[in-house]
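Guided by the hints, dock chain X onto chain V, whose structure is given.
Here is how the chains run, residue by residue.
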Amino acid sequence: MKLLLKIAQRNILRNRRRSLMTGSAVAAGALATLLFGGFAAYIFAGLETNNVQRIGHLTVFRAGYFLFGAGNPAVYGIDRYRDVMALIGNDPVLRPMINVMTPTQSLLGIGGNFSGENDASKTFIGIGLIPSDRDRMRRWDEFGTGATHPPDPRFSDNDDARGLIGFGLARILGLCGPLGLRDCPSMPTPAATSDNAASIVNEDLGELARRDANSADPASTAPHIELLTATAGGAPNVMSLTVGGAEPQGVKELDDNYIAMPLALAQQLVYGRGEHKVTGIVLQLHRSEDMRSARARLMTLIRDNHLDLDVRDFGELTPFYGQVVRLFSAIFLFIALVMGVIVLFAVVNTMTMNVMERTNEIGTVRAMGVRRGGVRSQFIAEGFLVGAVGATIGAAFAFLIAALVNHGGLTWVPPGNANPVPLHVAVASSPGLVIGAWVGLVLIATIAALLPANSAARLSVVDALRHV
Amino acid sequence: MPSPVLSGISQAPARASAPDPAAAVVRLHQVARIYQLGAIAVPALKDVSLAIPYHRFSMLIGASGSGKTTLLNLIGCIDAPTRGTMEVCGQNIAELDDNATSAFRARNIGFIFQNFSLVPVLSAYENVEYPLLLIGIPAAERRERTLAMLQAVGLAEQAAQRPNELSGGQKQRVAIARALVKGPQVVLADEPTANLDTATGASIIELMRRVQAESRTTFIFATHDPQLISHADEIFVIRDGRIVEHRTETRR
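So the protein lines, in turn, are chains V and X.
For the first sequence, the working numbering begins at 2 and goes up steadily by one.
For the second sequence, the working numbering begins at -11 and goes up steadily by one.
Only chain X is shown next, with the shape it has when bound in the complex:
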């Protein structure tokens, strides 16, 4: 049955292979990430092993500096582990060169940032359309999917506005639309409500939760706010660079 929220965007680009629902979308084995600050080695992640299942709203929760963002960066293939192995969407990322990694991200991963990170010279419509241009979607389909996505996040009226003409909540809605429009396998959200007031943050979480449920896209959400735990299907607690707790919510 077509989703009232995501109608018109169900034709996600074909992927190399359909995911096995039982498989993990992200699989890390003994992954470490050590930053070298001059002579000092700073371990941000210490031998992390985890498996994040498909189609779930997973949450990485931990205090500031615990390693959440580092872990999200590795999963998003914008950083590489110092050691250990990592698979995202069944792909061993270490096997890809820089261009192939970029193409992999363009097709499979959507990002939602804390500071929205919209391209300031593009309108809301153009920001949402941008990921579709990167993967070569034809113009007519691009337009249809972009408008549908903006409609889905409630910003059809603001399509022509630039980011500086939008409120914080609206910017984050555009960012969500941009992350989802290409139909990625994984959406990574790094503290997406940190720069929003409580009410707007709650509405953004609600929106993300809703579109995740309807699109069945895997969401991985990093936050330091324990109050958001109630929204998660999978919870990974991270402390000092280690996963110290993993639990699956069974209420759904």
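Chain V with its partners taken away, still in its complex shape:
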């Protein structure tokens, strides 16, 4: 083996230019694969972090909510949700895995801004949250993306009537000015209308909301909007929400409809004076790798306690995540495939030329007693070495370029994000990718050498010795 590698190494150096070209092809393959793979890994980590911060790893719903609940969240509420949370939180298997467990209430309705000269309303998609739990969830950063958020003073447990709305919804409701939003055009003055009936209804809604909002501070200067929903019993319900601020949501459809409010307010809107339920119990785990086992344990608990509940993970709740992962995976596979084919042909070409040039040498060593397998091993070893050296150099360059990019201060807006984030290439933090790319390329180079190596091994000794 020592002699084999010694001869292989010297033969590689013997044809320096050819070996350099082949090694460069392997290095370019490693570089492209690792840089794109590192970028994709960063995208996946970023998307997963974003999703887990927003909706946790797992959510417990009433059975059927996932398929049918969006149309009528009130019907799919979880009864005695505090008991369910206690059951989950006290489970010895789940407890150490859980970082945050928090109830949420989804709701639909119409939001309107009827203050001053405004007269705008818009359907909304609302979510009721416990603000302090939201803050804790937004600190989750298992993959070290740096995309954590400090506690948001605009939305806290201390104010049951204050919430956040989407940037687009703020624009639609004419709240850009009152909220001091930049890059948010003010609403043009509407033309005079003779539709007195509509303005009378809007005034009534505003008055109703003011009567219901006992906790609202009448002296507050913060803008507020009126929310109209249907309760679980079908009756209309109106409440006022103080708008603490606007938050861009990345996706326009959500941005134009989003309202986050305290859980108690959302429950009041949906259930009125009836039993307050929730639509989901969100579980954020310490580590994503526990998701499968946590889900299995949850299903066991649900089954053992005969609960009419179901569990969904963030991938199911946000199909966009899966689509992006599949898209980037497909591009990565395509790049890896192209690079693999280039390496394959480069090594086959080089090794075939080596066999041609060394035919007489092959005849000599065969005459001396080297077996066919020995000749085959010799050329395979050379393919392996070219692959190993090329892949190692390519990986080293990938580490270097990734470090430069990561410290270069570049930013970009990833799919689904509203704000620019630092551009990052996760090569160093993806050992599986590095090892996989290295092993894959070395394997391709070794396999590529097989064909010429077999040709060399099959040469007739006499013919090889005659070769000039």
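Don't read these hints as lab results, they were simulated from the structure.
A portion of the hints provided could be inaccurate.
Computed from the model, here is a short list of chain X residues facing chain V with C-beta under 10 angstroms [claimed, not checked]: (1) 67; (2) 70; (3) 72; (4) 92; (5) 94; (6) 98; (7) 99; (8) 106; (9) 114; (10) 118; (11) 166; (12) 167; (13) 176; (14) 178; (15) 182.
The structure displayed is predicted, hence computed values, not measured ones.
For every residue, glycine included, the Cβ atom is placed at its ideal position computed from N, Cα and C.
Just chain X now, kept in the frame of chain V:
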């Protein structure tokens, strides 16, 4: 008495059985070798029968295209006869598969080629050591025998040099050392002086003759040069694929 030339290499690897001095190291009976060139059959050897004795410096002499190299290839077990039977070192070669034939060559046969055929990426030392690696000689013994062999052919000083740093004569000396270092039963030399000038060729013949006499290894030497006949113990004249004359020199 230890040889001044081959001291240190007398411990040749043990063979399966010691040769009977009266027996032939190579025995061919009605051997033919026909090359098929498309539809045309070209007979290179025609029903050759011969017996080459042990411990002799035998010479195959004939013009170019007479079949010398084909005959050497068959004796060296790197080619197979189209028909006929052949024994080398008492072994019927037809009974061996490819791997066994390779192992047989590694242990019993040394080659010296016209164009030297050294492995270009190995030094003179490593080229000579190579055959010993193939037959699994331990490192210490390998080193001892390699150095002794290089000393024997006068190339101790050039041990670290690669073939491209050696002259033609030096390359052929390395080839001789490589062929002899494992202590083979037969050394085959195909026109070993053809690529050398007259003086160097003569010194190579002299060297081969000397080491053969001291090691008592059987040498089979193919040449088209009648002037080299004087060095031979056994002479086989080959013409058009047939042995047309065999004589034994009695001067020694």
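Numbered hints the structure breaks, given as an ascending list: Hints 2, 3 and 15 contradicted; others consistent.
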